[in-house]
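Chains as they are written, first to last, in the working numbering: chain Y, 1 to 203; chain B, 1 to 92.
Among the hints, a few may not be true.
Unchecked claim - To give a feel for the contact side, a few chain Y residues facing chain B, derived at Cβ under 8 Å:
#1 Ile85
#2 Gly86
#3 Ala137
#4 Gly141
#5 Thr157
Said to hold, decoys possible - Within a straight-line C-alpha distance of at most 20 Å, the following computed EDC-like cross-link-like pairs (lysine to aspartate or glutamate) qualify:
#6 B:Lys68 to Y:Glu88
#7 B:Lys25 to B:Glu85
#8 Y:Lys138 to Y:Glu197
#9 B:Lys25 to B:Asp86
#10 Y:Lys138 to B:Asp15
#11 B:Lys25 to B:Asp13
#12 Y:Lys138 to Y:Glu193
#13 B:Lys68 to B:Glu89
#14 Y:Lys138 to B:Asp86
Said to hold, decoys possible - Here chain Y is said to cover these stretches of chain B; the calculated rule only asks that three of the stretch's residues, wherever they fall, bring their Cβ under 8 Å from a Cβ of chain Y:
#15 50-63
#16 67-79
Rather than coming from a laboratory, the hints here were simulated on the basis of the structure.
It should be emphasised that the depicted structure is a prediction, and the values quoted were computed from it without experimental measurement.
The C-beta atom is built at its ideal place from N, Cα and C for all residues, glycine as well.
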Amino acid sequence: MAEIMTLPPRRSALDSVWVLGDYGIPGPSGPGVTIIRRLGLGAIQLDARRDTAAAVARAVSDSLGIALPAPGRAASGGEFRAIWIGPERWMLLGSDSTGLEARLRAAVEPAGGSVIDQSHGRAILRLSGPRVRDTLAKGTGIDLHPRAFAENTAAQTGLFHLSVTIDRRRGTGTFDVHAMRGFAQSLHESLCEAAAEFGYRLA
Amino acid sequence: MIRIPCPHCGPRDHDEFSYVGDATKVRPADPAATSPEDWHRYVYLRDNPRGAHLEYWHHIQGCRAYLKVLRDTATHEVLASGRPEDALEAPR
């Protein structure tokens, strides 16, 4: 019997619309927003229960070297990033080459955690540039000013009526936006429309 | 615009939530011993109060948690919020 592949190779939901280049009306110093796709990134959901959360957090810290963040926060550790996405629930991100899913499963299942691979179900964009906040502010009610939404703050919220995770990365102007794969083209279109007046680059 | 203070995420626009239902109804403790009339009252009959009302909401676009919210049905003011098991009281 032929060997059964677990899943087909991942392809970006934006392949057909991602045409590299500069669009819209750029400011004097170039495009206000630069958008890249974070390809080859695994997204693994981790669920604990109220009575196992502490043991699961210890298991993750011991095996992957990352401290699970508090509500509304994200954290980097080693080659991984963890985002709080709900009570006793986190999303862990790592390059496909790190074998994150298998390592996480081996670590947390004995401690009472559950692991679900969401990599095929997510589209993750990275937005940077001087007008990112103005662009995102057109579609969400979250206050993205550094005073309210500092580095390593993350929120699950609505963006252009879609459910997304917004994760503020290093610096003051870099955000990762995670959307469900089926809505990736809708999000892409809304972001491009919103960023057109500032100029944007698909890179 | 209503903002609902999610006990997990902080204050958020009510667009992120969906209304679930009346939180004052208590499921009959012993289903087998409950009369059809009591089931009918539990499943179908709802008061329509003017003023403070206990409700379940679902933070569907946020942390996906179910919440309990004390909301004034006349002014839409959100008086208190918490986890579903919390007993909520209006601030004095």
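Quick rundown of the hints versus the structure:
no., hint, in the structure
1, Ile85, "holds, 7 Å"
2, Gly86, "holds, 4 Å"
3, Ala137, "violated, 13 Å"
4, Gly141, "holds, 4 Å"
5, Thr157, "holds, 6 Å"
6, B:Lys68 to Y:Glu88, "holds, 18 Å"
7, B:Lys25 to B:Glu85, "holds, 13 Å"
8, Y:Lys138 to Y:Glu197, "holds, 12 Å"
9, B:Lys25 to B:Asp86, "holds, 14 Å"
10, Y:Lys138 to B:Asp15, "holds, 15 Å"
11, B:Lys25 to B:Asp13, "violated, 26 Å"
12, Y:Lys138 to Y:Glu193, "holds, 10 Å"
13, B:Lys68 to B:Glu89, "holds, 11 Å"
14, Y:Lys138 to B:Asp86, "violated, 35 Å"
15, 50-63, "holds (count 4)"
16, 67-79, "violated (count 0)"
Consistency note: the structure conflicts with the earlier hints numbered 3, 11, 14, 16.
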